[in-house]
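The listed protein sequences derive, respectively, from chains S and X.
Under my numbering, the first residue of the first sequence carries the number 2, and numbering increases by one thereafter.
Under my numbering, the first residue of the second sequence carries the number 1372, and numbering increases by one thereafter.
FYI, nobody ran anything at the bench for these hints, they're computed from the structure.
Don't take every hint at face value.
To be verified - Keeping only pairs whose Cα atoms sit at most 20 Å apart, straight-line, the calculated EDC-like set for lysine to aspartate or glutamate is:
#1 X:Lys1493 - S:Glu319
#2 S:Lys157 - S:Asp146
#3 X:Lys1457 - X:Glu1479
#4 X:Lys1377 - S:Asp397
Unchecked claim - If you want a taste of the chain X side facing chain S, the calculated C-beta under 7 Å gives, among others:
#5 Met1372
#6 Ser1374
#7 Arg1378
#8 Leu1380
#9 Ile1381
#10 Cys1434
#11 Ala1435
#12 Arg1461
#13 Glu1511
Cβ atoms here follow ideal geometry from the backbone N, Cα and C, with glycine treated the same way.
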Amino acid sequence: MLNREDFEILNDGLIYFDNAATTMKPRCVVDSIVEYYTKYTANAHRGDYDNSLRVDKKYEGVREKVKNFINADSVKEIIFTKGSTESFNMIIFGFMSVYLKKGDEVLLTKGEHASNVLPWLNLSKKIGFNIKYIELDENYRVTLDAVKKNISDKTKVISLAHITNAIGDVRPIEEIGKLCLENDILFVLDATQSIGHLKIDVKKYNISFMGFSAHKMLGPTGVGVLYGKEEILENLVPIEYGGGMNTAFSSDGYYEIKSLPARLEAGTRNIAGVIGMGSAIDYLTSVGMDKIHNYEMELKKYLINRMKSIPNIKLYNEDNDSGVLLFNVGNYFSQDVAIYLNQFKICIRAGNHCAKMLHEVICSSNTCRVSLYLYNNKEEIDKLVDALMNQDKILDTLV
Amino acid sequence: MDSNMKRNLILDNYQNPVNRGIPKDNSYKKVNSKNESCVDNIDVAAKIVDGKIEDIKFDGDACAICTSASSVMTKELKGKTLKEAKAIIRNYQNMINELPYDEDSLGELNIYNEVYKQPSRKNCALLPMSSISKIIDSVE
Ligand SMILES: Cc1ncc(COP(=O)(O)O)c(C=O)c1O
């Protein structure tokens, strides 16, 4: 495993395999938050005293870190949000509500997370643009051919997860980005599941907008990022108005709003969260994104090999390039399996993983999900496999 | 009843549920319930005639507790008047929620009297009752 000692929470035998839901936090992330609260608490952009200046420097420093981490052109393209969900709502209600017209087409898939579906469904009812779902192949993956087949002269936007939370498939985003460029289509990327696992380059992939949450990349909850290419982001209309985003207002109704990025960050932000996210980015960078990915793939291979030795196991997505594995054991209901594993302090996720349209495609809507990260190791996988070998014990936890 | 016996009864109702399968018959009122915190998804249908539950069925995709509780519930509520049924439902809900309840009215449903120890299971055990409650409310 990589750097397991930095994750105190794992010291007591906790086996955490639910990293697609959220990740554990290394000491340095927690320390950076505590330091803000104990050593230099102040609001950002508001004062002339030392602590306030220190906060400004830290806060804006994280914008720079994010910019470099995703290879954006400018810090103006980085907006701090509450997380992916808010980022997507801003993109869709702040930008697409003006950009899209009746009859336009938006391409999604049935494997997308609720936060990249529901805002679209809601807005399409108001505006009358059409949502088309790119067909998934027999392994629930998006192929370039399927994307091409769905593009028409009405296609204005393609909005996809880089890695889906339910299946863990990695989409060919570089190629899709190229297609978008050639066809004058905006490419919206949901990087929530990939940001902590793969190197992302917004320029190389021709990304117009992107959203992610810090808590899935070793950072704190309640904070995330909206990225937008500057000339496009300029046209995103704020959906929140208040302090920090205006330059002037008066009783005759006049008001003026700031330039990017402040315009899109109304009110006191989650300063501690932003600082913690910066620390998570430093941490990931120091370990190395390639190293993390390679290690996860090695673990995944081990996981699949070991899982295959379990009687009556069904694996749904063996050959994808992420640390997500879906399975079912015999006819046991996924939640019964998850509750059984809890006795061994093994945390897995049961259910439909917030991709509620996926059951229209996948035959079993309920699955158990293991999602790996850098601090997991082979011994943990062995313990999972041992527990699942004793299948006749699964329902012992009923009473 | 000891835990082992309760477990066996739950398992039996899970693996061989009774009254499963919803008839295509307009005289049945049907309600779908989903568990907001997990993925249990069941339908309950009841035929109510002259203030009495003449028949009750369920179907769906749910965990062992939810499926078995649906099965036991149909057994306990079939043939009851709406007044009796409502008393059973209230008692059962109280049992799951650790409130005072009348054990004698619950029959086989008493096998769920330890579910409160596993908070994540509570909603599973309550789901079928919430469906039949909705049906009763809709006819009253
Ligand atoms: C693919 C994907 N997109 C978006 C989200 C929403 O993220 P958040 O809940 O942090 O806003 C998630 C969270 O599970 C996700 O997995």
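Right, here's what the structure says about each hint:
1. X:Lys1493 - S:Glu319: violated, 34 Å
2. S:Lys157 - S:Asp146: Between lysine 157 of chain S and aspartate 146 of chain S the Cα gap is close to 18 Å, so the pair holds against 20 Å.
3. X:Lys1457 - X:Glu1479: holds, 16 Å
4. X:Lys1377 - S:Asp397: Satisfied, since the Cα-Cα distance of roughly 11 Å is no more than 20 Å.
5. Met1372: Cβ of methionine 1372 of chain X sits 10 Å from chain S, so the hint is violated.
6. Ser1374: OK, holds: serine 1374 of chain X within 7 Å of chain S, min 5 Å.
7. Arg1378: Interface hint status for arginine 1378 of chain X: holds (5 Å vs cutoff 7 Å).
8. Leu1380: violated, 9 Å
9. Ile1381: holds, 5 Å
10. Cys1434: holds, 4 Å
11. Ala1435: holds, 5 Å
12. Arg1461: Hint on arginine 1461 of chain X: violated, closest Cβ of chain S at ~23 Å, above 7 Å.
13. Glu1511: violated, 33 Å
Taken one by one, the earlier hints fail for this structure at numbers 1, 5, 8, 12, 13, listed in ascending order.
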